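With the hints as constraints, model all of the structure from the sequences given.
There are 2 protein chains.
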Amino acid sequence: MAYQYPPTLAKLINELSRLPGLGPKAAQRLAFFLLTEKRQASGELARALLEAESRIHPCPICGNLTDSERCAICADGNRDRGLLCIVESVSDILSLERSQGFSGVYHVLGGVISPLDGVGPEKLNLTGLEARIRENHVTEVIMATNPTVEGEATALYLAKKLKPLGVKVSRLAHGMPVGGNLTYADEATLSLALSGRKEL
Amino acid sequence: MAYQYPPTLAKLINELSRLPGLGPKAAQRLAFFLLTEKRQASGELARALLEAESRIHPCPICGNLTDSERCAICADGNRDRGLLCIVESVSDILSLERSQGFSGVYHVLGGVISPLDGVGPEKLNLTGLEARIRENHVTEVIMATNPTVEGEATALYLAKKLKPLGVKVSRLAHGMPVGGNLTYADEATLSLALSGRKEL
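Line order of the protein sequences matches chains A and B. Per the numbering used here, the very first residue in the first sequence carries number 19; after that it's consecutive. Per the numbering used here, the very first residue in the second sequence carries number 19; after that it's consecutive.
Derived by calculation from the structure, the hints in this document are not laboratory data. Fair warning: this is a prediction, and the values are worked out from it, not measured in the lab. Mixed in with the good hints there might be a few duds.
Copies of the same chain are indistinguishable here, so a pair counts whether it falls within one copy or spans any two.
[Unchecked claim] DSS-like cross-link-like pairs, simulated, lysine-lysine; straight-line CA separation at most 30 Å:
no.	residue 1	residue 2
1	56	29
2	56	43
3	141	56
4	216	178
5	216	186
Written out as C-alpha cells, the structure is:
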C-alpha cells in the first residue's frame, strides 16, 4: 500500500485545504509549518479560533461582526443615524472607515444578487432594513456595493426598492483611482471618469 | 478614535497572518470566511489543530511526522534499510513516495545549510545519522535535497562527511522535467541535461 500521512495529519491538511484560497499543496505546507517550525503557533491559532467562534457574532442592527451586544459603530452615539451606507461584506466597513470620509452607520448585505450563483434578494440580509430606514428617519442611503456587474445590479435593485420610502439613494462615484495611470485604465472606467467629469 | 475590529477578531486575524504565505488581507478574508460563511468550520479546524498538535511528533528514527512510536516507513519491515534517502523536509517524502521509485528509508534534515539565513550544519537534524548508517549497514545514501544553491551545498557537505564511512553517496539526476519544453527551459537545466545525456 502506498505511503499515507498519519490520519491526524491528513485530517488537519483536509480542514486547512477547505479554506478559501488554500489548495491542497498550500494546506500541506501550512500543516507542516504548524507542526514543525511553529508548534506553539498551532495551539494559539486553535485557541484564537475557538474564542472568536464563541464570542464573535453579527451585530443585530447592521450585520457587522462584534463581540458586544451591538457593534462599535451602532453603539457610537456620535454617528449620524440618518445616513446609511449599504455594503456587501463586513470587510468593506473597515475599508470605508479607513477613508475617514463617512460619519453615518452601515448595513451589511452579506453578499450580492447573483442569479448565476443562485443568490437572489431573499438570501441577502434585508430583514429590518426598511424598518431601520423609517424608524431612524434616514435621509440618504449610500449604495457602496462593489463596482462589479453583481454589485451594480444589487445597487439598482435596492434603489428601486428603497426610493418609495422617500429616501435619497446615492451610489459611490466611479472614476480613475488616485495614483492610477490613464495608459493602464480600462475603457469602462475611463468612460465613466469622462462622463462623471467635474468643473474645476 | 478610528474604528477597530473587536479584540477577539483582531487576535484571530493576527494569528492567521503569522502563517506562511498569508498576508494581513488574506488573513482578514480567512477570518471573515470562518466567522460568517462557515462557522462550524472554525471549530473543526481548531479541533484538528489541537489534536494534531498533541498527537503528531517527529519519528525518532528519520524525522518524518507520525502519530505512532515510529513513522509508517520506518515501521515497514519490507523497506530496504540499506538504502537511505536524505531529504530537506517532511513533505519531500510524500513527493518521492508518489513516484513509487524508491523502496529504501528516509532521513529528514529539517532544512538546508544557508549561511545567509544563519543556518549552519549544526541546525540540521544530523544526530544519529552516522550511527544509523553504520548500524544498518547502509550501502548507498541518496542526496535528495532540492536543486537549489543551498540544496547543492548541503548535498556536497554531507557527501564529504559521509564518504569516509565507506558508503556510496549519490545525487538525484538533473535534467529536463517530463513534459517540459526546450524553449522554456533555463540554461542551467539544459546544460546539465546535455552533460548528463545517455545513450539510447
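Tested hints:
1. 56 with 29: Close inside one copy (19 Å) and across copies (17 Å); limit 30 Å.
2. 56 with 43: So residue 56 and residue 43 pass the 30 Å test inside a copy (18 Å) and across (21 Å) alike.
3. 141 with 56: Between. Shortest inter-copy distance 15 Å satisfies the 30 Å Cα cut-off; intra-copy 40 Å does not.
4. 216 with 178: Only inside one copy: residue 216 and residue 178 sit 27 Å apart there, 73 Å across copies, limit 30 Å.
5. 216 with 186: Within one copy only: 21 Å inside a chain, 78 Å across chains, cut-off 30 Å.
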